[in-house]
Structure formats: C-alpha cells, structure tokens
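If you read the protein sequences in the order shown, they are chains A and B.
The numbers in the working numbering rise by one with no breaks, and the one at position 220 of the first sequence is 220.
The numbers in the working numbering rise by one with no breaks, and the one at position 103 of the second sequence is 103.
Do not rely on the hints blindly, as some may be mistaken.
[Stated by the list, open to error] Which residues of chain A face chain B? A partial, calculated answer using Cβ under 10 Å:
{"hint": "1", "residue": "A265"}
{"hint": "2", "residue": "L304"}
{"hint": "3", "residue": "R306"}
{"hint": "4", "residue": "Q350"}
If you are wondering where the hints come from, they were derived from the structure by calculation, not from laboratory data.
Note that the Cβ used here is the ideal one computed from N, Cα and C, for glycine as well.
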Amino acid sequence: MRIEAFGVNHRTAPVQVREKLAFEEASLGRVAARLREHTGAPEVVLLSTCNRVEVYVAADDDVEPRLLDFFLKERGLRPALYRHADSEAVRHLFRVASGLDSMVVGETQILGQVKRAYLAAKDAGCTGKYLNKLFQCALYVAKSVHSNSSPGLYSVSVSSIAAGLAEKIFRSLAETTLLVVGAGETGQFTLDAFRERGVRRFLVANRTPERAAELARSLGGAALPLDALADHLHEADIVVTCITHDGPVITRGHAEAASRRRRGAPMFFIDIAVPRNVDPAVDLLEDVYLYNIDDLESIAAENLRRREKQVARCEAIVEQEARKFIAGAAMFDVQDVMVKLRSLFDSVAQQELAGLKDLSPEQRQEVERAVRRIVAKLLHRPLASLQNGSESQVAADFIRRLFDLK
Amino acid sequence: MPELAPNPAIPLLSLSVLCCLASLLLYVAGIRNEDPRAFRPARSLMFVAFGLTLAGLVILGSARGQIPLTSAAEFLVAMAVVVSIVSLALDLTRGMRVLTMAAAAACFLNLAAALPLLGRTPEDTLAGFWSRVHVVVFLGSFAALEISFVSSVTHLLLQRYLKRKEDLWLFEVVPSLETVRVINASSLALGFLLFTAGLLAAYFYARSAPPSAGWRTDPKIWVTTLSWLVCLVAVLLGARSAFRGRVFTAVNIAAFASVLLTFLVTFLAPGFHRFV
C-alpha cells in the first residue's frame, strides 16, 4: 500500500484555479466518499482551504488518472497536480499541518483545518489504518512544532512592525489617536495595519485638503490642513508621516511643544517618507520615539533572521518525526500479516476442537490448552523472524501468498 | 544551637528551591534562544514552587502552633510566598513575565537562605499584636516595593531599547511601556502606604514597651525611618514626573535598596535591632 498526496496550493496554482477546485468544509466528508468510490482507493482524505486543495490516498495502484477524471467531472478542469509519494507524502503532510507550507509561515489555522478534514473523512468511513495513523501523527507533529517554536511571531512587513512597536509603547491601541501626514498609498497601507490592531481615532493631514477629507471620512476621523499640523500634534499618540516634502514637516520644536502639552505622555513617530519628514533631533527628546524607514527595515531583517532560525527548528522536528513515521509504517504490513497468520492458525485449531464430541469438560480443557501451546510454539519462530528480521517485508509478502492471507 | 528532629517542611521547601531554579533556568534559556515558548513551563514551575512554599509555610506554622512569622527562616519563607503570588498575579493579568522571572530568583535566594536555618531551634523574635502587624505589613510593603523596583528598571530598559532601535527582544517578557509605568506607579504607592502602616504599627508596639527598652536609640529604627523618607521622595518625584524618567528610576532604586537593607540587617547583624 502506498501513501500519496496530490494537490494544488498557493505556489502552484493561481487563485482562479484554486477557487474552482475548492470544496466547502461542510462537504469534505461527502466529497471524500465520492472520491474514494471514483478512484477506487481504499483510503482518502480531502483537504480544502483557501490556499490549497489536496487529496491524500492510501492505495495499491496509481489513482492519479481517476483523480484527474474526478476533478474534470466535478469541477470541469484537469488541474496540474503536484504528487508526493511515500516518505515525501508523509513529510509534505507534516509540513502542511505544522504551517511550514503556508503562505504565512508558522500560522496555526491550518492545524484546525487539517484536523477537521481528517475527521470528516474518518466519519465518512474513508480512512483506514494507514491514513488514520498518518493524520494522527501529523496532528501530533504539528502540536509539537507549535509548542517548541514560533516562526509566526516575527513580522517582516514594515507596516506591521510599526504597529507592533506602537503596541510595545501604549497600553491599548484602541485608546490611542493616530495622525497620518500624507494621504498616499503608503500611508493607507500603514493605516490598515494600525486599524487591524484596534486604532479607532484618526487625524489626517495632507497637502490637498480634499484628499485628506476623503481619507478621514473613510476612516471615520478628522481632516487637518498641513499648515495646522503643529497646533494639533499634541492630540496624537502615534504620528505616521509619508508625504513628499522638502525639509522636515515636523521639527524638534514642534515635537517638544507637543510633548510638553501632553505632560510627558509618550509619542511615537513613524517616518516612512524619503526624504524624511521628521527632524531626526526629535528622537533626542525623552518619551518621544522616532523610527524611520531604515530603522523599521533593520527590525524586519532581524525578524526575518529569527523567523528563519525558528523555521529551521520546525523543519528539524518535522524531519525527525517523518523518519520515525516512515520507519514505523514499514512494519504496518508485517504486523498485518502477523495478526492474520495467528488468527488463521487459531481458527483451524478451533474447528478441529469443535469436532471432538466425546470429551469431558476437564479433558476438553486439557486438550484446548495443549492445542494452544502447539499453535504458539509453531508460530513462535516465524513470527519472531517476521518482527525482527532484516527482510520482514519480503517474508511478509511471501507468507501472505503462501497462506492466501487477504 | 541544638539540632532538632527533621522538620517536615524541609523536603517541600527543598523541592520548591529546585522548582525556582529550574524556572529561572528556563527563563534564561528562553531569552538566550529567543524562544518565548519556554516561558510557559517556567511560569508553571513557579506556580508549583508557590504551592510547595505555601504548604511548607503552613506546616511550619502548624508544627509550632502559631502564625509562622516568628523567626528569620519563617520570614524568608513568607516573603517568598508573598513575592511569588504577587508576581504571578501580575504576570497573568498584565503579561509582566519579567516579574515572575525576578520572583524565581528572589524566591530561590530566600528559600536557599531559609533552609539551613530551619534545621535549628527557631528563635522567637516577635511578641505581641502590633509587632506581628508590623512584620506582616512590612512583608507586603517589601513585595510591593520590589515590584516597583523591577518595574522601574524595566521601564528604563524599555525606553533605552526603544531609543536604540536594535534588539527589541526584551518586550517578549514584559508588557507595553505604559503598562509597566502604571504597574510601577501603583506598586510604589501601595508599597509606600504599607511601609507607613508598618512604621505606625511598630510605633504602637514600641510605645507599649518600657522606656528602658531604648527603642529611640535602636539603629535599625533610624535606618528604617531614613528608608521611609527615601520612599517618600520617590513617591513625590514619581507623582511630579508621572513615574517616568532616569532621576525617578534612580531614586526608586535607592528606595528599594534602602528598604532591602533594613530588611536584611536584622538577620545579618542581629545586634543592629537590639530593641527587639
């Protein structure tokens, strides 16, 4: 029996293809059952998220042509599926469940999605000992990865780093006021990061008042003329500047006056403009923190280094667990043969014992004990060599054929 | 001093010392490896240490049939209980992990110092209602001032980290700058109030003593009064500067150091507090 993974993900297929192939989470069990019937694979699990559609199968023969047929019949297209077999399929699922194959590396949402996909297939009767073992192991590995490392903690985008820094200064971003100087695309992008983190009060200052008013309206904030900036600076806890301007828009004098009016409450300036909008001397003031684009990018580089370190740690865990699983999986067939061989011998013994009619209960007990001992002794050597032999798999195949074990 | 029968609290407190040490090592490993996942087991170990220390303290009290605050060893164990519970509470509610880390170190030192003393005959140092109130309130004050001290240093470090714009890893073990400031302000205010209450309780106790006891010439009483003045300066300065800035931090550190000194001299130089 081979374990294989087929699918498309955010790296191999555009969203137009992925959305056509995607299935609703509630229907995963039913679709897995149809897939099982169509492909003839004994075990099937279907995983469908916004970034991937994957089919995991345990089958003796090649199911890819029938799988492609299924997609053609169900979704009207024959996608270019990637294919991972045996150890590669195991590694792939472990990486997927651990979030290492995700668009945002280290995210944990996928773990729940994998678990639900597996349970849906299991409830629909589409899993057996191979995929049960594989998915249970994948869920365990993913939990182990998440509890030993955290690559998702490290932001590498400038806007989310800026918002993260603000969270390190203020008690709650929901209670802060953000002033954005410049209503261009860059400012909008940074604003989105702050809105996601809970900022609710906005002030917008721009050279073009109409554009400022438009952006302020969309944010539910207030617009300011650029020349009134100094008078309103103290109202803002966080100031994002991203306007094209000759010379600084905010001088040390402006910031000093604002800080005084705020009685030393901290202010956070994020200057993402080039040339810079905030006088670097502002950073010399106590309780005023100024980060320019270089500062943010150097934090991004540091976070990237940390993320890579964490990812390497996760990959090592995945690799170690995948090796363990693969080594264990090689024994699946052997154990299966061992169980079947023993039950064959037991059933023959039982049949013969059933034929003995003229025995007293004591004699029957004695004969049964003797027969059990004989069966155990006869099987001891072959079973031991199956379990410990270097060519267990070959021996198991031979025994299966010899005794016609189904 | 004569040796006593094995104290049943010693195994529990020994285990607690090991938990504190393991917790501290986990915190250090988490910081060194830049892996915040190590902090959760470290905190769990401190919970275990707290439970063991509390159980040890209860056993100490029940063995002697009185509140376990009458000997140096019992003071140290009680202090470990107070420091660990307050730190864990602030860790859970405010994300102040650094406090639990500091508590792990403080409890390790307290318990390691207390253990050798527990094998000996306890020496009663307290008698009377006001004397016990004085000690209990002072323990609370010490815990609050320790939190204020850690918060104050943390606030200063956070400010420096934010200004340097380099490694912001410290933020993984502490909440935001403003939260640290609020913790600092409230713990300093509470610590000062308890300190004042502790001094008043000591005054009532001293009044009941005969004039020949000579409490007015006791060096520790003067050192404690001086510490109270340093704390008062820290509170006033903090109120003026919204509990921010280098000068405030320096005075806050001095306040904690002086309170620590008043606490330690009682054990290090017994003759220093001859009135008791």
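A quick look at each hint next to the structure:
| no. | hint | verdict |
| --- | --- | --- |
| 1 | A265 | holds (7 Å) |
| 2 | L304 | violated (13 Å) |
| 3 | R306 | holds (6 Å) |
| 4 | Q350 | violated (53 Å) |
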